[in-house]
Every structure is written in structure tokens, then in C-alpha cells.
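Q: Each chain, written out:
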Amino acid sequence: MASAGNATGLKLTHTIDNMIALVQLRGHLDGNSHIAAETYFKMVVTSGSTRVVLDLAQVDFISSAGLRAVISLLKLVKGNHGGLAVCASQPHVTQLLEFSGLKTLLSIAPTVDEGRAALVARFG
Amino acid sequence: MVFTFNLKVKVAEQEVFEALDQVVLCAAGFGIDDEQQNLLRLSLEELLLNVCHHSGLPSSAVVDVALVLRDGVLRLTITDSGPSFDPLALAAPDLDLPIEQRQIGGLGIHFVRSTSARCAWQRLDGCNVVEVDWIIAC
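Quick note, the sequences are listed as chains A and B, same order.
Residue numbering for the first sequence follows the numbering used here, starting at 2 and increasing by one per position.
Residue numbering for the second sequence follows the numbering used here, starting at 8 and increasing by one per position.
Source of the hints: derived by calculation from the structure; they are not laboratory data.
The structure displayed is predicted, hence computed values, not measured ones.
No more than 16 Å apart at the CA atoms, straight line, and that leaves these computed lysine to aspartate or glutamate pairs for EDC-like: (1) A:K12 / A:D61; (2) B:K15 / B:E25; (3) B:K17 / B:D28; (4) A:K104 / B:D101; (5) B:K15 / B:D28; (6) A:K79 / B:E107; (7) A:K76 / B:E107; (8) A:K12 / A:E39; (9) A:K76 / A:E39; (10) B:K15 / B:D71; (11) A:K104 / B:D103.
Please build the complete structure, drawing on both the sequences and the hints.
A: This is the structure in C-alpha cells:
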């Protein structure tokens, strides 16, 4: 497992299992932390992981800057012929995913296992 | 009963993030629930960072933030002395574009409009005044 914490209060970790990276975030994904998140996402993808499950279950606040980081990750994996599944259960996060139109562009799953299953079903 | 809170925030990112915590803590003191606190934080971050990034004001300039809870309406008012600019007039992003053509930005003001009961801008006494209202369930 790799991890990064920073002064913004956002903690990021990731593990790779069966060619799928699970990236877990804890804290606020906002204007104060989105650059740290984008940098971390880029590191995960450029390390060779193009199928990513992004676990936002412990993200208690997300803003448009945070969603920009998610969109950047989506563009990055798609550009590398990969896929992204987002796990979100907090109402604030799911509401903004809906308002941003991202629900039609990526798999949104209630749990990590279902997110992983969605990627396996799509990519094998 | 009327609850009011006023804060002056310098046009600098770090000041903005400290202000967010103060305003949201104050809203909690008004009895505002967690879900509504998140919507308040969302609009406040978007509008204050917009002033930081686009107003051209120096970091020593000050933005006035006011939060009032009256008769079941929570109103956020942000006043800055930058050049006349209506952020709420920005066109809504095209959410139907494929990911390759989607702009990275442009969602912030869309969220302010989508998650509030009312939002309005006016130029008053040489200042930009943005109001955002939410209806609070009692």
C-alpha cells in the first residue's frame, strides 16, 4: 500500500489487486486539496494502473475543484484505454456527481466490491 | 429569532480556507444540519475562490461575508470591491459532452445555482454583492 497525507487534511492511499488500483480518500476533496489529489492520481496511472476504483466513501465534502480532480483522473484513464469506477455513498458526494453529469460517464457503485466488479465485467 | 454572523476575509486562498471553517462552524451554531453545512461550504468556496482568482484585487483586499438565518431562510452575502462582474451570468456547462470534450472547470457556479433556492448578483455602491439563499427545514 502506498499513501500520502498533506497539510490540506486529505489522506490518499492506494493498493493494487489483480491489475486494478483501489484509491481511497479520506477528508475534504476541495480547492485546498485538489492539486495533491490530481498529483496522486497521475502517479497511480503513470505507474501503470489504468483501471481504477476511486473510493470516496470517507470523503465528507467535495467541491467543484475536487470534481475537477475526478474528471482529470477519468480523462487520464480513458486516454490510456482504461476505466474508472467511483464508490460513493455520502449524499453530498452523490448529489454533486449527479449535478456534474458524471453519472453517465463512469461507473458509480455503492461499494468497493461492486466498483471492482463493474471494471472486471467491462475489461475482463 | 434572527442569527447573524459577519466576517472579513482577505483575498488570499489560505485565508479563504480558514474562513470556510469559521463560517461553517457558525452555521452549526445556528443549528444548521450537516447536509446544509456542506451546501453552504460549497457555495462559499466557489464564490470566494472566484474573487481570489478572477477579481484582480490584491491579496490585502478584503471581502465581506455575512450569514443570516431569518424566518427559515439562510442567506449568504458576499461583497467585494473588484471590477463589476456577475459570476452568476456565466453560461451553464454542457454536461452532455463526451469526456474527451468536457471542460475541466466550469462546474462551480453551476453548483451554486443548482443547490440553492435563490441566488442573485447586484452592483451596489461600487461593489459586487452576491446573495445565496437556502430554505431551512424547521
